[in-house]
Structure formats: structure tokens, C-alpha cells
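Participant: With the sequences and hints as input, model every part of the structure.
Protein chains in written order, with the working numbering: chain L, 289 to 383; chain R, 19 to 422.
No lab work stands behind these hints, which were simulated from the structure alone. Since this is a predicted model, take the numbers as computed values, not measurements. It is possible that part of the hints are untrue.
[What the hints assert, rightly or not] Just the calculated beta-carbon pair ranges, DEER-fashion: (1) L:342 <-> R:306: 44 to 50 Å; (2) L:342 <-> R:248: 36 to 42 Å; (3) R:327 <-> L:367: 33 to 39 Å; (4) R:320 <-> L:339: 40 to 46 Å; (5) R:140 <-> L:339: 30 to 36 Å; (6) L:316 <-> R:390: 35 to 41 Å; (7) R:237 <-> L:367: 30 to 36 Å; (8) R:248 <-> L:339: 30 to 36 Å; (9) R:162 <-> L:289: 56 to 62 Å; (10) L:367 <-> R:338: 26 to 32 Å.
[Unchecked claim] Over the 10 Å line for every Cβ pair with chain L, so calculated as not near, a few chain R residues: (11) 34; (12) 115; (13) 118; (14) 130; (15) 191; (16) 195; (17) 308; (18) 321; (19) 329; (20) 334; (21) 338; (22) 356; (23) 372; (24) 407; (25) 409; (26) 413.
Glycine residues also receive a C-beta, built at the ideal position from the N, C-alpha and C atoms.
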Amino acid sequence: MIDEPWTLSPSVALRPEPFGALAYHFGSRRLTFLKTPALVRVVRELADHADVRSALTAAGVPAGQHQAYAAALAGLAEADMIRPRVSAAPAKEER
Amino acid sequence: MTIAPEKPAQNRLVDHFERGLDAPICLTWELTYACNLACAHCLSSSGRRDPRELTTSQCEAVIDELQRMQVFYVNVGGGEPTIRPDFWHLLDYAVDHQVGVKFSTNGVRLTPDRARRLAATDYVDVQISLDGATAEVNDRVRGAGSYATAVTALENLADAGFGDAKISVVCTRENIDQLDDFAALADRFGATLRLTRLRPSGRGADVWDDLHPLPHQQRRLYDWLCAHGDRVLTGDSFFHLSAFGEALPGLNLCGAGRVVCLIDPVGDVYACPFAIHDQFLAGNLLRDGGFQRVWKGSPLFTSLREPQSAGACSGCQHFDACRGGCMAAKFFTGLPLDGPDPECVQGFGEDALARPRSVPASSVDHSRSTPTRNQPVLLQLRTRPPATACAESPLAGFSPEESA
Numbered sequence: 289m290i291d292e293p294w295t296l297s298p299s300v301a302l303r304p305e306p307f308g309a310l311a312y313h314f315g316s317r318r319l320t321f322l323k324t325p326a327l328v329r330v331v332r333e334l335a336d337h338a339d340v341r342s343a344l345t346a347a348g349v350p351a352g353q354h355q356a357y358a359a360a361l362a363g364l365a366e367a368d369m370i371r372p373r374v375s376a377a378p379a380k381e382e383r
Numbered sequence: 019m020t021i022a023p024e025k026p027a028q029n030r031l032v033d034h035f036e037r038g039l040d041a042p043i044c045l046t047w048e049l050t051y052a053c054n055l056a057c058a059h060c061l062s063s064s065g066r067r068d069p070r071e072l073t074t075s076q077c078e079a080v081i082d083e084l085q086r087m088q089v090f091y092v093n094v095g096g097g098e099p100t101i102r103p104d105f106w107h108l109l110d111y112a113v114d115h116q117v118g119v120k121f122s123t124n125g126v127r128l129t130p131d132r133a134r135r136l137a138a139t140d141y142v143d144v145q146i147s148l149d150g151a152t153a154e155v156n157d158r159v160r161g162a163g164s165y166a167t168a169v170t171a172l173e174n175l176a177d178a179g180f181g182d183a184k185i186s187v188v189c190t191r192e193n194i195d196q197l198d199d200f201a202a203l204a205d206r207f208g209a210t211l212r213l214t215r216l217r218p219s220g221r222g223a224d225v226w227d228d229l230h231p232l233p234h235q236q237r238r239l240y241d242w243l244c245a246h247g248d249r250v251l252t253g254d255s256f257f258h259l260s261a262f263g264e265a266l267p268g269l270n271l272c273g274a275g276r277v278v279c280l281i282d283p284v285g286d287v288y289a290c291p292f293a294i295h296d297q298f299l300a301g302n303l304l305r306d307g308g309f310q311r312v313w314k315g316s317p318l319f320t321s322l323r324e325p326q327s328a329g330a331c332s333g334c335q336h337f338d339a340c341r342g343g344c345m346a347a348k349f350f351t352g353l354p355l356d357g358p359d360p361e362c363v364q365g366f367g368e369d370a371l372a373r374p375r376s377v378p379a380s381s382v383d384h385s386r387s388t389p390t391r392n393q394p395v396l397l398q399l400r401t402r403p404p405a406t407a408c409a410e411s412p413l414a415g416f417s418p419e420e421s422a
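Facilitator: Below, the structure is given as C-alpha cells:
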């Protein structure tokens with residue numbers, strides 16, 4: 289996943305909170321908690337970068353933590369909070 | 019938003035929740051106190067419409083504000099919300115403004131035509147209230163004919179292709195043996211079962227002593243939830259049962275005023291849907307400058323977001339599991355808020371209930387002043403004659419030796 293282009297799912301909205309953000313999926317009506325501000329930044333950056341790795345770097349996540357963040361992103365992918373980006377070009381961000 | 023310094027991922031979300039969020043996660047909005055039924059345990063003492071009920075345009079303004087606050091969905095209830103003439107309009111208005119709606123109904127207005135229209139609407143969940151898996155058990159507390167109404171509504175939804183309706187059950191002493199039957203009923207309609215706790219709120223205070231599950235039934239409920247919890251919704255309402263052992267899925271804390279609150283039909287904002295009482299009134303969204311100002315600034319909510327004392331529970335090894343239980347359940351049974359829940363599974367609630375206490379009078383009551391046609395009557399006349407004749411002596415049963 290870390291070398292692939294990803295983006296926030298179009299049915300998901302993010303609500304900033306002191307701990308990070310709530311992510312709400314309007315389709316599945318699932319609520320997920322993004323537990324750190326850095327993870328929120330990563331999720332917001334995904335659409336504007338060629339792959340997950342560069343989004344992590346842009347969000348200021350040190351390389352040593354990339355694997356841990358990739359695992360968190362895999363969890364979000366499972367709930368369709370984020371999804372693979374089909375077009376190679378960076379997509380427009382968020383609803 | 020403030021960007022916090024980098025920290026390793028931490029899992030104590032509960033700590034954040036206890037300090038309150040920028041907007042509620044679970045917002046209940048009761049649209050009307052009017053109801054065609056008069057359930058014995060109604061937590062909002064509904065029946066009569068309040069003449070100060072929010073108008074259509076006032077409701078639209080509330081929805082606009084919820085959209086701005088990114089409250090992604092509301093739980094709409096009442097009373098019976100669908101008997102508001104503008105209910106379907108408000109439903110569409112909310113959905114069009116990115117506020118999903120989950121509404122609770124007894125099913126009275128869910129005609130086949132309406133069910134088809136709901137099936138074609140996104141972001142709408144329907145919750146049909148049913149408090150018995152049989153008409154006999156349900157109608158005793160919800161009123162004659164209410165089981166048939168609910169089942170017809172479920173049939174209409176299923177026939178219209180409305181996926182995954184919810185069957186919402188308040189667990190009582192009389193229906194706890196029917197948990198498997200409820201699950202089968204949900205399967206029959208392609209629905210999901212939702213179980214919630216009976217609170218001594220509203221008219222529930224009058225019947226709680228007779229209807230709340232007995233200790234051995236609580237254990238059965240806990241075991242059933244542990245075995246079937248993945249298929250059943252609970253609104254996280256059974257966290258007091260977590261003191262049996264393994265925590266149940268969901269938020270194991272009282273969210274009142276922190277992540278949960280209630281907007282009532284006249285725009286009063288209460289700490290939780292089970293706490294419609296002056297003591298838990300945070301403000302009014304018409305008088306106090308809107309919902310957000312009440313949510314963020316009311317003195318009541320501010321105090322609920324401060325660290326709470328565990329009080330009499332502070333020495334209990336199970337406190338981390340149950341967090342002292344439900345604030346509303348304690349308040350309406352006259353127990354101190356910093357002590358055990360009246361249904362504490364370690365038995366401390368029974369001890370507390372046995373001590374002197376005074377149950378608060380209700381401060382908001384929209385019950386009808388005259389009985390309705392199908393109003394449940396829990397007090398039943400005896401059908402058999404007494405076994406012995408009445409003892410007419412004023413000293414009957416009095417024995418001086420024993421009482422000395």
C-alpha cells in the first residue's frame with residue numbers, strides 16, 4: 289500500500305476534534321476515530337501525493353513510524369474510509 | 019484546530035470523551051411530545067403536543083446548525099415523530115444537508131407507500147419500537163394493538179426493499195426471556211436487533227420497580243450479549259453490566275453532556291435523552307443563542323466534563339469497568355450521583371436502594387390527562403376470588419408477643 293496512490297473515500301467526512309478527528313462514512317454510517325492529529329494530516333494529504341509514502345513524509349511522519357501509520361491506514365481502508373486512487377494524477381481533495 | 023506535538027498513537031479515547039468533544043457524537047432530537055400511544059415506561063412522559071413545539075423553520079435552522087457543526091447524524095424520536103405533519107419534509111431537509119437521520123417510531127405512519135419512499139432515500143435508518151416478541155408481552159406495556167402496528171410497519175419496510183431496519187427493544191423483566199425470539203423476529207424481516215436498557219425516566223419511574231430486570235436476568239442478558247453482541251446494537255446502554263467481567267463492546271462510560279445530549283421538542287437541551295428534568299437542563303437553543311453555544315458553553319455541560327468523583331464506588335475493583343453506571347438511573351431512583359447504579363451487578367445498588375432516599379418528582383410531563391383508548395393498564399384486577407374471607411378485626415394479624 290505504501291507505494292500506491294490512495295485518497296479519502298468520497299462518502300467520508302472528517303470532523304476535527306482535540307484528539308484528531310472523527311471520520312464518518314455516510315454510506316456505511318460507520319464512525320471511526322483518527323486518534324492523532326498526524327494521522328488526520330496524512331489522510332488529508334493522501335489525495336495530493338503520488339503515493340502513501342510521500343503523503344506520510346508531507347504530513348511530517350518520521351520514516352521510522354511509516355510502518356505503524358501504514359497499519360493504521362490499512363484499518364481505515366478496510367472500513368472504506370480511504371480507498372485506492374484510480375487515476376494516477378493527484379485528485380481533488382475531499383467533499 | 020491545534021496541531022499537537024507528535025505523540026505515539028494512544029488508545030485512551032475515553033479520556034477525550036470524558037472531557038467532551040466539539041460536537042456530540044450521539045445527538046437525540048425529540049421532535050414532538052405528541053404520541054398516539056401511551057407506553058407505561060415512556061422515558062419522555064409523552065402524550066400531548068407542547069404548544070411551544072419548534073416550528074418547521076426553527077427545525078430547519080437547527081439542522082443548518084448541525085450541518086455546520088458536522089453532527090453527521092441525529093437520532094430522531096418523540097413522542098411519535100411521524101405524526102408531526104412536517105416530519106417527512108424535515109427528514110428530507112436533514113438528509114439534503116448531510117445530517118443523516120435515524121428515527122424511532124411505533125410504526126403508525128409507515129404505510130407501504132411511505133416505506134417505498136424511505137427505501138429510496140439514503141442516510142435514513144428506521145427503528146421500530148417493540149417491547150415484546152409476542153403481542154401479549156408487548157401490548158401489556160405499549161398498549162393494545164401496538165404489536166400489530168409495529169409488525170405491519172416491519173413488513174411494509176421489508177416488502178419495499180428497505181434494507182436493515184432496526185427493531186428497538188427496551189429490556190424488561192417480562193421480555194428478557196424472549197431475546198432469542200427477538201433475534202428470530204429480526205431475521206424474519208432482514209432487520210437488526212437493538213436492545214436498550216429500561217431507565218426509571220419519565221413514566222418509567224412509575225413502573226421501574228416492577229419492570230427492571232432481576233439480578234439473575236441481568237446476568238442472562240450479559241451472557242447473551244457476550245455471545246451475540248456482534249449482531250446486536252445496544253446504544254452502549256449496558257455498560258453497567260461490564261462489571262460482570264469482560265467489557266461489552268462500545269463506549270463504557272456515561273456520555274451525558276460529553277458526547278451525548280438531547281434536544282427536546284421545545285428546543286430545551288438536556289444532558290441525555292434519559293434525563294429530561296430541570297436538574298439536567300443545559301439551556302434552550304432559541305433563548306440561549308443556538309445549539310452550539312449551549313453545547314460548548316453551558317455551565318451544566320462544563321461541569322459534566324470535569325473529572326467526576328467516584329464517591330462511594332471509589333474503592334470498588336470494578337469501577338474501571340462500569341464507571342459507576344448510569345447518571346439518569348441513579349438520579350431518578352433517588353440515589354447519589356457519585357455512588358453505585360441502582361442495578362449495580364455487584365449488588366451495591368440494592369443496598370443503596372434499601373437506604374432512605376427520596377425519588378425526585380418529574381419536572382416535565384406531557385402525559386395525557388385522560389386515558390386513551392388503548393392505554394396500557396399495568397395494574398390488573400384479580401380474576402380469582404380470594405382464598406379466605408376478609409379479616410375484619412382491626413387487630414387482625416397483630417400479635418403483641420411477636421412485636422415486643
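Participant: Residue 308 of chain R clear of chain L by more than 10 Å, beta carbon to beta carbon?
Facilitator: holds, 18 Å
Participant: Would you assess whether residue 118 of chain R, listed as outside the interface, keeps its beta-carbon beyond 10 Å of every beta-carbon in chain L?
Facilitator: violated, 6 Å
Participant: Residue 367 of chain L and residue 338 of chain R, beta-carbon distance inside 26 to 32 Å?
Facilitator: holds, 28 Å
Participant: Please test the hint of 56 to 62 Å on the beta carbon pair from residue 162 of chain R and residue 289 of chain L.
Facilitator: holds, 58 Å
Participant: Please settle this one: residue 34 of chain R was flagged as non-interface, so is its CB more than 10 Å from every CB on chain L?
Facilitator: At roughly 4 Å from the nearest Cβ of chain L, residue 34 of chain R sits no farther out than 10 Å, so the non-interface label is violated.
Participant: Classify the label on residue 413 of chain R as holds or violated, using whether its beta-carbon is more than 10 Å from each beta-carbon of chain L.
Facilitator: holds, 66 Å
Participant: Over 10 Å to the closest beta carbon of chain L is the bar; see if residue 338 of chain R clears it.
Facilitator: holds, 20 Å
Participant: Given the hint of 33 to 39 Å, is the C-beta distance from residue 327 of chain R to residue 367 of chain L inside that range or not?
Facilitator: For residue 367 of chain L against residue 327 of chain R, whose Cβ atoms are near 37 Å apart, the range 33 to 39 Å holds.
Participant: Holds or violated: is the Cβ of residue 195 of chain R farther than 10 Å from all Cβ atoms of chain L?
Facilitator: Label holds. Min Cβ-Cβ 31 Å, cutoff 10 Å.
Participant: Is the Cβ of residue 130 of chain R more than 10 Å away from each Cβ in chain L?
Facilitator: holds, 25 Å
Participant: Taking the Cβ atom of residue 140 of chain R and the Cβ atom of residue 339 of chain L, is their distance within the range 30 to 36 Å?
Facilitator: holds, 32 Å
Participant: Decide, holds or violated, for the assertion that all CB atoms of chain L are farther than 10 Å from the CB of residue 115 of chain R.
Facilitator: holds, 12 Å
In summary, the structure is inconsistent with hints 11, 13 from the numbered list given earlier, while agreeing with the others.
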